[in-house]
Amino acid sequence: MRRNLAILLYGGVVALVLVAGVWSSWGTAQHVLLAKGRDHGTMTVSACGEDVCTGSYVPSGDSEPHARGVTIDRSVAAKKGERLPVVVKPGTDQVVRTGAAGVLHAWVPLGGALVLAALVIGGGLRMPRTAWATGLAGAALLTATFVAL
58 MRRNLAILLY
68 GGVVALVLVA
78 GVWSSWGTAQ
88 HVLLAKGRDH
98 GTMTVSACGE
108 DVCTGSYVPS
118 GDSEPHARGV
128 TIDRSVAAKK
138 GERLPVVVKP
148 GTDQVVRTGA
158 AGVLHAWVPL
168 GGALVLAALV
178 IGGGLRMPRT
188 AWATGLAGAA
198 LLTATFVAL
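Basically our numbering = 1-based index in the sequence shown + 57.
Think of the hints as simulated: they come from the structure by calculation, not from any bench. Treat each hint with caution, since some may be false.
25 Å max Cα-Cα, derived SDA-like pairs, lysine to any residue [as the list claims (entries may be wrong)]:
hint, residue 1, residue 2
1, K146, S82
2, K146, G118
3, K137, V160
4, K137, V109
5, K137, Q151
6, K137, R125
7, K137, A205
8, K146, W80
9, K137, T99
10, K93, D130
11, K136, G126
12, K136, Q151
13, K136, A104
14, K136, P122
15, K146, S81
16, K146, S113
17, K93, R125
18, K146, T111
19, K136, A124
20, K93, P142
21, K137, H97
22, K93, S113
23, K93, T202
24, K137, H123
25, K93, P122
26, K93, G156
Derived DEER-like restraints, expressed as beta-carbon distance ranges [what the hints assert, rightly or not]:
hint, residue 1, residue 2, range
27, P142, M58, 54 to 60 Å
28, L62, P185, 18 to 24 Å
29, W189, G138, 40 to 46 Å
30, Q87, W189, 28 to 34 Å
Computed from a predicted model, the values in this text were never measured in an experiment. We put the CB at the ideal spot given by N, CA and C, even for glycine.
Using the sequences plus the hints, can you model the full thing?
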């Protein structure tokens, strides 16, 4: 009985961590994965602060121009003068990177959640093979994102 309660408790923690990772990732990933009908274009980074980079936006195709420029998270755009393919978040001047690098970057919170869940799976649930697989999947996602950006 006590073992079943522990499994239920640790299973709930794992589920909570993974759901939080997906929820946190989906906020950005939805704009990259469901980009049909959104404004696409290219951002040229002109300045970077601590949290965001700003720059000009050149729309592609039938996309709308943004006269005031656009902003992107600092972790995505590293250098001044860099040109990035982006999609605009509806109703804002914020953009997210598209392509493989954008997709990988959007799912970074899930990668961290997988690594964290692996510790609970291995230590709490006593499932070492599943823990290794979960941890390696998270590490692979984080590594692929680092290489792509």
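Taking the hints in turn, this is what the structure says about them:
no., hint, verdict
1, K146 / S82, "holds (15 Å)"
2, K146 / G118, "holds (17 Å)"
3, K137 / V160, "holds (22 Å)"
4, K137 / V109, "holds (12 Å)"
5, K137 / Q151, "holds (17 Å)"
6, K137 / R125, "holds (18 Å)"
7, K137 / A205, "holds (18 Å)"
8, K146 / W80, "holds (17 Å)"
9, K137 / T99, "holds (14 Å)"
10, K93 / D130, "holds (22 Å)"
11, K136 / G126, "holds (17 Å)"
12, K136 / Q151, "holds (18 Å)"
13, K136 / A104, "holds (8 Å)"
14, K136 / P122, "holds (23 Å)"
15, K146 / S81, "holds (16 Å)"
16, K146 / S113, "holds (15 Å)"
17, K93 / R125, "holds (23 Å)"
18, K146 / T111, "holds (15 Å)"
19, K136 / A124, "holds (22 Å)"
20, K93 / P142, "holds (15 Å)"
21, K137 / H97, "holds (20 Å)"
22, K93 / S113, "holds (22 Å)"
23, K93 / T202, "holds (23 Å)"
24, K137 / H123, "holds (19 Å)"
25, K93 / P122, "holds (17 Å)"
26, K93 / G156, "holds (13 Å)"
27, P142 / M58: 54 to 60 Å, "holds (56 Å)"
28, L62 / P185: 18 to 24 Å, "holds (21 Å)"
29, W189 / G138: 40 to 46 Å, "holds (42 Å)"
30, Q87 / W189: 28 to 34 Å, "holds (30 Å)"
In this structure, none of the earlier numbered hints is contradicted; all agree with it.
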